[in-house]
Each structure stands twice: as structure tokens, then as C-alpha cells.
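Student: Okay, here's what each chain looks like letter by letter:
Protein chains: 2
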Amino acid sequence: MPASPIRRLVPFAEAAKQNGTTVFHLNIGQPDIATAPAFWEGVASHKDKVLPYSHSAGLVQYRQAYADQLNRKGYGLTAEDVLISIGGSEALVMTMMACFDSGDEVLIPEPFYANYNGFAAMGGVLVRPFTTTIEEQFALPELDAVEAAIGPRTKALMICNPNNPTGTLYSKSELEALAEICLRHDLFLIADEVYREFVYDGREHFSILGLNGLEQHAVVVESTSKIYSACGARIGALITKNTELMATALKYAQARLSPPTLEQMGAMSALLHTGSSYFDEVRAEYVSRRNLMVQALNAMPGVTCPLPGGAFYAVARLPIADSDDFCHWMLEHHRHDGATIMMAPATGFYATPRLGSDEVRLAYVLEKANLTRAMECLATGLVAYNS
Amino acid sequence: MPASPIRRLVPFAEAAKQNGTTVFHLNIGQPDIATAPAFWEGVASHKDKVLPYSHSAGLVQYRQAYADQLNRKGYGLTAEDVLISIGGSEALVMTMMACFDSGDEVLIPEPFYANYNGFAAMGGVLVRPFTTTIEEQFALPELDAVEAAIGPRTKALMICNPNNPTGTLYSKSELEALAEICLRHDLFLIADEVYREFVYDGREHFSILGLNGLEQHAVVVESTSKIYSACGARIGALITKNTELMATALKYAQARLSPPTLEQMGAMSALLHTGSSYFDEVRAEYVSRRNLMVQALNAMPGVTCPLPGGAFYAVARLPIADSDDFCHWMLEHHRHDGATIMMAPATGFYATPRLGSDEVRLAYVLEKANLTRAMECLATGLVAYNS
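Line by line, the protein sequences give chains A and B.
Heads up: the first sequence begins at 1 in the working numbering, then just goes up one per residue.
Heads up: the second sequence begins at 1 in the working numbering, then just goes up one per residue.
Treat the hints loosely; a few may be bogus.
Note: identical chains are not told apart, hence a pair may lie in one copy or across any two.
[Unchecked claim] Taking lysine-lysine and the DSSO-like style, the derived pairs with C-alpha atoms no more than 30 Å apart in a straight line are:
hint, residue 1, residue 2
1, 241, 17
2, 47, 17
3, 155, 251
4, 172, 241
5, 49, 17
6, 49, 368
7, 368, 47
8, 155, 172
9, 17, 251
Derived by calculation from the structure, the hints in this document are not laboratory data.
Isolated chain A, as found in the complex (with noise of 0.2 Å):
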């Protein structure tokens, strides 16, 4: 099992607050973004003594509701396709678990979440790269160099869209593509979309639900978490079509029993409540941090940071060596009024060994005041730790 990369750094960070240091968290996603009030209202709703387990697969309303409002976009999905997990985490340990076999072999486009290394591992799933660059603003590769990485072993392609690190938000034509390498050599085509709210410039997430002909091929992975601002609630959803897939899922969610229930009742409630001016409102906050961070970082010398399309990450090339060491270096030894900044260093996210060793992943999560803050913490850190 690997540590994950993002939460090394941790005692550094613990180390530094403990010293009177700000430190500005650009190394996850955990935003300062209200969580929608629709939330705390269906938390406030239960009214019982008693607080029970739901159903494994989540409260029954909860599915219907969840499957009601997917299907406004012509899904077709009913309430048995979509299975609440622990947040999207929980779904993606289940996607693991159901959809490969130990030694079987997922393709992944890097870099990736992190994390992804870890639930595979925990399914006995070997993970096999193929590299997106900054230099082609990690859109996907030819897809002969996608269809090449195939072998015998191999079950399923995953993607995450919009992506987590780099925030490229993948078109339907590219998705259509991707489907058409699943269909022939069938695969899965695992979607990870826990940013589908957060893509930006007029473009709309287009979900691979929306594939025709692939319905027994793919399964999406949500998060109410992230969707809601309301990280700490732990819901999220495995959906799919396929019903033995889903079966097998179930299986391993009456073995852990039941999803947090109160917080289903938040989630059910901001679903149902959660207008799109909400939306609106957080995705215009997102655009301004994102504008203000990545024009920043381009205006440092030998810096460059591709436009993010969607979710709230961006993935910059530094002039470094080692994003390891220049981010533990920022969190020991770098002041800037007071302040350091804590990134997650880009060799995490690659599969392949030194790749991402001079970029960092930075998630725009904190207010403008503090984000410009920070970038003024990062350039006068590349200046300091470059002579």
C-alpha cells in the first residue's frame, strides 16, 4: 500500500503552524466554499430518536431522487443503478473491487489522482499509464498510442473528467472515441466525474452516461461531497447500467452495512433544493481564482500553467529539479509574510518514474486575498530557492 504523496508533506505543514506560519493549503481540495444550505436543512430534518442504518446501497427516496435528476438528461437510469458509497472514494475501491479480477490491469491516462494508486492496490489491480504533457495541454494522446498500451489482462480504461490534476475537461468526441477502443476490446470505461459541476468558459461536462451502446461498459463514480461543497459528508455514488457489476458492488456494500445516514439526509435535501443560481455563484468564484492564479504563475519567469477547463486543480511546470524537495523546501525554509504554501508535487500523480519531478499540482480552493498571497509566496520561493 503507498503513502499517499499529498499528505507526506503533512508534518512539515504541522511543523510550520506550530511555529506561528500561515500556511495556505494549495495541496488539496478542500474549499472554503460555503456547503449549499439545502444541506444543513436535511440534516436538521430527522427528527427520530433513533439515528438507524439506511439501506446498503442508501436510503431508497435518496436513490430515486438521485436517479430522477441524472435522468433529465435522457439516462434512463433507475433507482437500482446508482449505489450511495462512503464519497466517491468508496466507489472507486468498489469499481476495483467489482470490475477486475487480482493482476488484472486498468489503463489510466497520467498524471492521475494519486489515490487511484492506492485503491488499486487494495483490488490487486496493476495500474498502466499512458502520458498526457503539459507542453499538449494533457489533452489525450493518438488514440493508437492509447489502443497500443492494451494486453491481455487488460479490463478496464479510467479516465477522470474533469480531470484531477489538471482540470482538462475531456469533449464528447474524445469521450466517443475512448468508448469505441471500450467496445472493441471490452472494456470498462470507468468515468471518474466528482467535478462535473466545475467546468468553466461556457463548456458543459458531458458524462459518459450519455454514450449510447456503452451502457453495459460504463460506470461513473459521483461525489455529493464535492458537488455540494460538503467534503467532510463522505457521499458519493457508484452508478452503472450493468447489472452484474452492480450486483457484485452490492456485495460489498452489506459487508460495511450502510453510508453514513444523517449526512444522506444532507445530501438528499441538497440535491433536491440546491437551485442552479448556487451553481452559478461558485462556479463564477472558481473562474476569478482560477484566472487570478494561473495568470500569476505564467508571469513567473520559467513557469508555465496551461487554462484548467474544469474542476477547481492546474498542474505548472516550475523551473525545478525535484517538486519533492522544492515543496518540502517551501514548507521548512520559505517565509513570505509570515506565510509558506503547501503544494502537492507532481511525481505523485505520474506512474512512470521521474515524470512530474519539475511540476506541482495547486488547487485553487482558497478566497483571492489569500490566493494572490500565496502566488507571492511561490514566486519569491523560486527566486529564493534557485540561488
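For this one, chain A is given, so just place chain B on it according to the hints.
Tutor: Only chain B this time, still in chain A's reference frame:
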């Protein structure tokens, strides 16, 4: 991955309910006891507008309070010895992942909690049972028999105390004997102590945390959800002084980011502010339910049920040959006063084939009026089934 045998009967119970039949659920440990009031106060005390992740190992304050409370018994734990898990279930999964390599074996007295099979399967761990019998009131067998079952791949001995499904409470001297075996063969002793507060007749629960010399071998699983009758809260704990083991468990905890934050607030408040009078009342209620049920069972012709010393389960031998068939038949065909009962066939709690085919597990989690009706239903059902 095996299906949960307790939940396999769920569709038949659902069908009965849809036909207007009352179903008394003696099949699952979902008590109707009110959640400790302090839990709700803790939930309400969350005033921040954002519901954030907690530390992956749980809220720091909560872990400290947890250790402090256990230390009243002189265990000498630090907050770092306590990892807050998503229910006792997740602590068991983490234990299976952290204590074993794929292909290793765990020794467990049977009958045992059926979901141990699923957790073991997730970790690639093989379950080797040693049998306890209803004739011996499910006491542990002679230690020679336990020791004889140890093989080269055996890495741990695992018990549930008080026991689910039998309600057996193991004494200090029994635990000392097991500890001696573990030390002699360098095995972990894993104790599922989720029912530790539910012990009756003036006896006290003795935790393996109190065994001298076992510090590096003892792994304890607890469940706030069980202790404070908040099953839906999904808050549990993994406790060990073995720092290497805890470091491995923490990696799994980090991959799934955080246990539910809001329900940790409730659990911490329940821990800090629930007085002994709450438990006195709960225990008195369970004792009177237990006595009612066990007396009613032993009054039925051909039925044997030892008096459980703890938890809220009992295993009864019935005058039947196929408990799966009988439990299914009761749900589908037997009605008494507009009601039927759902029980757990004991076959699911034994790893040895065919054992438990004349036994069922009954949870005395219903108020006495309903329990009385349930026992009448069982008595008439046995007569009808056998005629």
C-alpha cells in the same frame, strides 16, 4: 466476495411488507434504543458554514478524548494509538489489509459474524475456523485444539467479545490463555469489542488492551455506532499500540481521506457527555428483553438457547434440519396475528459446511411487546413447519 447471508432474505421480507404483513426484524443488530442524546447535541454544535474533511485518522480532539476515556482503565494509550474509522466495519477491513499478506490465514472461533468472511476476502485472507458448540454454551474449546489449528501462514487469532452471534462473554483468564498462544506463535490477537458496553448480570467486560505483554500484538476494533445506539453514524475505531501496524492502517485511511465529520462531532459529544445512567438504563432494558426471549425460546418444544452474557444476540437450536429454508419459509408462508419474523440462519456464521443448519441467530433489539409477539409467531411457525 460472498453475499451477506443475513441480507439474502431481504427481498422476501420486503415482499411480506408490501402485502401488509408486519415483519419483526430479529435478523439484524438495529436496536430501537434511542441514540444517546449528547450525540445530537454534538451534531448541532457544528456552526461552521463549511463541512470540511477531518484528519484522515479522525478529529484530533476526538482521538485524544477517546484515548483519555479508555485510559481510565489504565491502558496508557496516546491519541496516535486510536484511528477513527467509518464504523467498526472499516476498522475490520483495515485490520485485514494491515495485518496480513494475501494468502495468510486468520483463526476464528465459529460461529462468527458473517461479514468477517467478506472483510477477509477483501484482504485476500483465508479464514480458518475452530468450532464452539451450543452444548458447551459456545465456550472456547481446549487450547490444544486452538493451537493445533495454527499453520505456517497463520498470522492472527481473532475473537469477538462479547460475541456476535452467540452473546458469549469471554473471561479474563480465557483471554490470557489466548494471549499466551499469540505470544508463543507471534500472532496478532484481534478483538472485535464493539459490544463492550453490553454485558450483563454483574459481569464486567475485560478488554485485551488490559493484557500485559501483548501491546505489540493486540488490535482492538470498537464502534461508537453500537455503544451509543447510533448505527447510522458509521463511526468506529481501530486501536493498537503497534506503531508499524497503525502506520499501515493510516495509509488506507489517507486514501479514503476522512471519516464523516459531522457524525464525528456527534460521536465525540456522546463520548464526553453520556453518563453511566444512560448505560444502566440500556443494559437493564436489554437484560429484560434477553430474559423474555430466552425464556420463551426454551419453553418451546425442542428448542435450546443458552443465556447470553453480553451483546444483544442469542443463538438457538430449533427442531428443524435446514435453517435457511425455515427462515425463508417463515417470511413467505407463516403469519401470526398479521405478522411474521425475520431471523438469521446460523449457517452463515459457520465456516464449516452444514454446521448451524438447525440453529438461528436472534437479535433482541425490539421492545418487549413486539418481542412477545415475535416469540408467539416463532412458536406457532415451528408447529406449522413441522406438521
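Student: Each hint: holds or not?
Tutor: To see whether the hints hold, each was checked on the structure:
For the identical chains of this complex, residue 241 and residue 17 are inter-copy neighbours only, at 27 Å across copies versus 48 Å inside a copy, given an alpha-carbon limit of 30 Å. In this assembly of identical chains, the alpha carbons of residue 47 and residue 17 lie at most 30 Å apart only when taken from different copies (24 Å versus 40 Å within one copy). Within a single copy, residue 155 and residue 251 get their C-alpha atoms as close as 20 Å, and across copies as close as 26 Å, so both meet the 30 Å cut-off. Taking CA atoms no more than 30 Å apart as the test, residue 172 paired with residue 241 passes inside one copy only; the shortest distance there is 20 Å, against 52 Å between copies.
For the identical chains of this complex, residue 49 and residue 17 are inter-copy neighbours only, at 23 Å across copies versus 41 Å inside a copy, given an alpha-carbon limit of 30 Å. Proximity of residue 49 and residue 368 under a CA criterion of 30 Å is satisfied inter-copy only: 18 Å between copies versus 43 Å inside one chain copy. In this assembly of identical chains, residue 368 and residue 47 lie within 30 Å of each other by CA distance solely across copies; the values are 24 Å between and 39 Å within a copy. Taking the shortest alpha-carbon separations for residue 155 and residue 172, only the intra-copy value of 22 Å comes in at or below 30 Å, while the best inter-copy value is 50 Å.
For a Cα distance limit of 30 Å, the shortest separation of residue 17 from residue 251 across copies, 23 Å, qualifies, whereas the shortest one inside one copy, 43 Å, does not.
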